[in-house]
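Student: Note that the protein sequences, when read in sequence, are chains A, B, C, D, E and F. Just add 1 to the spot in the first sequence (first one is 1) and you have the working numbering. Just add 1 to the spot in the second sequence (first one is 1) and you have the working numbering. Just add 1 to the spot in the third sequence (first one is 1) and you have the working numbering. Just add 52 to the spot in the fourth sequence (first one is 1) and you have the working numbering. Just add 52 to the spot in the fifth sequence (first one is 1) and you have the working numbering. Just add 52 to the spot in the sixth sequence (first one is 1) and you have the working numbering.
Mixed in with the good hints there might be a few duds.
Stated by the list, open to error - Quick list of in silico lysine to aspartate or glutamate cross-link-like pairs, EDC-like style, CA-CA up to 20 angstroms:
1. D:Lys121 to E:Asp125
2. D:Lys330 to D:Asp125
3. D:Lys188 to A:Asp46
4. E:Lys121 to F:Asp367
5. F:Lys252 to F:Asp125
6. E:Lys248 to B:Glu7
7. E:Lys188 to B:Asp46
The hints are simulated quantities; they were obtained by calculation from the structure and are not laboratory data.
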Amino acid sequence: MENIAETFIEAGTLMVVGMVFVFAFLSLLIVAIHLLAKVGRYFPDPISVEKTPRHLPSSSAMEKPVPAPIVAAITSAISHYRKNKTTK
Amino acid sequence: MENIAETFIEAGTLMVVGMVFVFAFLSLLIVAIHLLAKVGRYFPDPISVEKTPRHLPSSSAMEKPVPAPIVAAITSAISHYRKNKTTK
Amino acid sequence: MENIAETFIEAGTLMVVGMVFVFAFLSLLIVAIHLLAKVGRYFPDPISVEKTPRHLPSSSAMEKPVPAPIVAAITSAISHYRKNKTTK
Amino acid sequence: MESIITLWESTGLANFHYQQLIMMAVGLGLLYLAIARKFEPLLLLPIGFGAILTNIPIAGFTEAGGLLKYVYDAGIDTGIFPLLIFMGVGAMTDFGALIANPRMLLLGAAAQFGIFATLFGAIALNLIPGFDFSLKDASAIAIIGGADGPTAIFLASKLAPDLLGAIAVAAYSYMALVPIIQPPIMKALTNEQERKIEMKQLRHVNKFEKIIFPLAVLMMTILFLPAATPLVGMFCLGNLMRECGVVDRLSSTAQNELINIVTIFLGLGVGSKLSADKFLNAETLGILALGAIAFSIGTAAGVLMAKLMSKVSKDPINPLVGAAGVSAVPMAARVVNKVGLEANGHNFLLMHAMGPNVAGVLGSAVAAGVLLALVG
Amino acid sequence: MESIITLWESTGLANFHYQQLIMMAVGLGLLYLAIARKFEPLLLLPIGFGAILTNIPIAGFTEAGGLLKYVYDAGIDTGIFPLLIFMGVGAMTDFGALIANPRMLLLGAAAQFGIFATLFGAIALNLIPGFDFSLKDASAIAIIGGADGPTAIFLASKLAPDLLGAIAVAAYSYMALVPIIQPPIMKALTNEQERKIEMKQLRHVNKFEKIIFPLAVLMMTILFLPAATPLVGMFCLGNLMRECGVVDRLSSTAQNELINIVTIFLGLGVGSKLSADKFLNAETLGILALGAIAFSIGTAAGVLMAKLMSKVSKDPINPLVGAAGVSAVPMAARVVNKVGLEANGHNFLLMHAMGPNVAGVLGSAVAAGVLLALVG
Amino acid sequence: MESIITLWESTGLANFHYQQLIMMAVGLGLLYLAIARKFEPLLLLPIGFGAILTNIPIAGFTEAGGLLKYVYDAGIDTGIFPLLIFMGVGAMTDFGALIANPRMLLLGAAAQFGIFATLFGAIALNLIPGFDFSLKDASAIAIIGGADGPTAIFLASKLAPDLLGAIAVAAYSYMALVPIIQPPIMKALTNEQERKIEMKQLRHVNKFEKIIFPLAVLMMTILFLPAATPLVGMFCLGNLMRECGVVDRLSSTAQNELINIVTIFLGLGVGSKLSADKFLNAETLGILALGAIAFSIGTAAGVLMAKLMSKVSKDPINPLVGAAGVSAVPMAARVVNKVGLEANGHNFLLMHAMGPNVAGVLGSAVAAGVLLALVG
Ligand code: NA
Ligand code: NA
Ligand code: NA
């Protein structure tokens, strides 16, 4: 039983040390993220070209013109599929 | 020549035993499939949402369930295209 | 220093032999490609079926009627793709 | 005649041990959970199938030259498969919600109490005759409370390979059971008023912040806990590939084809540990019981921490989001959302729960590192 | 000067043996068949290319540290590559037609007579001086009659690795030649009237049946023939992933990227066995001859079995579908369809032939298991 | 208390050597170049990340059982990863422009002077105390001038594994710097008039020619330089899969998923060679300096050769295209196009530069073969 008592103490120590460490680590990470946010303000996202049409009044998912490359992708997908249909 | 005769006998035995086994095995599988079909009646396919339009009067080729491989081909083509847009 | 002198000679020899070899090899390849071009004339590309409609006056990629199930496939593929964009 | 005897002696019928039959039933049970109940099917289906293959008499799948032995030795014993899964998961993870509201990390920390309390519990089980868990065993079992499959497999392969099968099965099963295990605990520890709390909309997070974040996490892990760097490092590599925007083809492969391939083999390899002699014993029952306790304690700790934070915070915090701290991404966050909606039909907590949810992944990786450093 | 001599001594010109030239011509021949004739190009192209690389003097592709040696040792000697191919093929296979009409399994059984008759034939060849096939060799050769590439490679790697190159080349070549080998035999054994027979439309098969089917096949294999479980098990895993509907991303990877990657390496690895000393001998000629015989006997046995069944069956059976029992999926089924259409322009036998076709895959896997159990 | 000490002793803080910090800074620097400057990000990102992981104290990524050691041993020490990359690059390469104008091969030959001159330079560096490059070392360093990453890694892994990290980093860095290194040299060696030269449109190239081309290249390499057949062979296999039209699914996998997977691991494996003891020394500085010289000499040699050819050719040749002979596909060709456009707004040299560009790939593979044959 001595042995078990010892292991209990070890397990208890592990529990305390482990939880303290996890909290300390993630708390430090909170600090780091706050710093990151401050630095981040000086590196704003580049203004994306894609977002412009969003503001057009009549836009809906259906009316968005399908980008030509997607049309090409679909075309090639279909021919690709036809080619592969006979493959084992 | 003795040796060959012996091997012949072995080969012949293998032929008989093998064919019998193959037939026995696959015959048992026939039985199993018949059983499966009987059990299967109690587990009908869930009524798929996609299939509902089939019953509409105007059904045409458009409503035929699209073969999975075509969907897969196109899906993968589109994502493939997007992946490759920036590719070396 | 002797040793270095020797290595220098080795390096110099490597340089000469290497460049001569590279030139000889690639020059031979030039000859081979010229031969290939001559032989290639007897194996013209098969006239592709897809190219025929190109010569028709009204044909454009858009006007070829897309089979209905494929249209359905594309629709479902795109919605499938959109669905999967956010999936784990 | 001789042939027929040889053939008979090479049938399964002539060689079955009843334990193998039981283990095959376990494998079929896992397949049932995966297919009919949709419990973590990506893992439980190959694990269940691997369990069946492993227990086939004579076939020798896990003996020298057997397929599953190759898979286990190459990918699990080395730790490569869970690390690649972690890279893929990193490439799938959006830390935006966490960066926008970093306090949520505390919830991810609190929920790890499930791990450390279970460690204590596993040692306590030794008081019952028939159990003899070493500290390494107990640590490997406790990590089930981290609710993170690859972390559990990685740690178990290092600390207690013999228990790996039971640990992995428990981890994935309870992850799948999150929608059943968590809600009662969440409701018991909160009142209707608390569950109705709506949270402030999250701020927009820069691409810059998202790129630096995985590097910052890695740097901190290097400074304070190198033992966790295999897990955290591969996770951050995946996340960096995702966010940096210049290697999209690598990121896409990491979160699709590569992770799919590895998942199949990881599952089969884990299944190869579900052999009768390693699974059919009291320890497995202990592990399953401890796993359920671990999940429950982790959930409770997260919710209680959220209640505490709610009291000292100026911005409102719905204590339900604490339950997402156990990780089990994204299931736990969805459960939070659902329970939140039950209390308040306009309260969409999903994005808010994603913060503690991914924090839980980091938290359990850190906890695994602590265990490796102190026990391994 | 010395450099030039060294360089000359390291050219191919200074080191060629004429046998290597012959083997390169064989490799080029395989490339020709693959590219110009479209004969099983997915396998014959990498095999042909591997054959060329293997026979390059000095380069050492198959010596210690050589690329092809790594490939062979890691993937073929271990059996991993053919098993993964089998998993992918399982994920591509729809057993619907077979489940709807299970009697077709008898055709898949009958066609395996090609295997066992050839085994006998291979032993008979020993009567000719210069041939000395052991029972293991004969078994590995006979499996060509199974018309299934991965099964042939798997069995050959276990029973007769030295013959693997010739066996794999024969198997894939004859599979590609199915449209030339089979029709004369089919026409010789049937009359116009029989070929015109139309068959009843197949019933609808449940998702439930499709999910349970691979598990049932696996269970039967476990009970009666564990030696076949590597092949059948991986095949059923692939099929289960396909049908269960909850792991579509794994199924898709198994039948696309994973099988493609493995196919490249499998082909190269098989090609590495096409070295002069192992290929340029009488045994190879014997193997090629025996392979052709195996295919022919298998086809004939399938057709005759179908004729027999047609007589005792109340539903009509077109005896042509018996030819599909050799497997060679889906080529043999297409050949059946074509020959059927020649006799009756309205007779579409494709779906009916898919039943015996996939039954042939199971049949040859079972036959391989029997050989492994009795000879291996 | 003891636990806390153990924990402290297992932190990075307690175990850092300052050289490891420097190497991590190098790794971060590579990440910066990859992400912010888009310098060959597909390789430099995993290399940089690998460098960081490698230098983490205690974590043991490159020790027995460490992830990066497995990766390096399995893929780089064996040469498998660079060869697979080469197969993928072959599947991405269109030789049409070169077949249409085969004289461009001479430019690809001339640019290899960068390699051999640098070999001489590396030996010359031995005159400076602190440098002691063997002929093998010098050869491995010189191949940087080939401007081809996989070739450099393959050769370095065979001739000078200890220098592999520095060589790979130099190769990819200078490949990324092509738009900065090349234009001044190109402009210094040509006059405005020459840069304005427009070239004749390229003829159409048959599918037949494109299919036979990789086989012809392979055959010549077999005859004259078997030592180069691993590189050239895998490259030609990829190209044949691309052009033959019958194995599109293999070709697609080779140039997408497979190359992506291998790229991640190749980068990590190369990064594992960026450990302090192998990188932080005078030799690395020497390698970086020699690499820059190699690129410059290669560029100059290409341009001068093009000027020479322009004089003896009846069809006009713009000497700028000679710069593309160093390979660095397709960056060098784009640089040529850009510099050409600056001189003549209607002069699109891109397609004309693709000929020497892909010729440069063959040229450096041949040069690598010569070095392997004579020095290896
Ligand atoms: Na967790
Ligand atoms: Na078969
Ligand atoms: Na080059």
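Student: Confirm or reject each hint.
Tutor: Results of checking the hints against the structure:
For the hint linking lysine 121 of chain D to aspartate 125 of chain E, the alpha-carbon distance of about 16 angstroms falls within 20 angstroms, and the restraint holds. Between lysine 330 of chain D and aspartate 125 of chain D the CA atoms are separated by roughly 17 angstroms; this keeps the pair inside 20 angstroms, and the hint holds. Pair hint lysine 188 of chain D plus aspartate 46 of chain A does not hold up; C-alpha atoms about 47 angstroms apart against a cutoff of 20 angstroms. Taken as a hint, the lysine 121 of chain E and aspartate 367 of chain F pair is broken in the structure, with Cα atoms around 48 angstroms apart against an allowance of 20 angstroms.
For the hint pairing lysine 252 of chain F with aspartate 125 of chain F, the CA-to-CA distance comes to about 49 angstroms; that exceeds 20 angstroms, so the pair is violated. Pair hint lysine 248 of chain E plus glutamate 7 of chain B does not hold up; C-alpha atoms about 46 angstroms apart against a cutoff of 20 angstroms. A distance of roughly 47 angstroms separates the Cα atoms of lysine 188 of chain E and aspartate 46 of chain B; the hinted pair therefore is violated under the 20 angstroms criterion.
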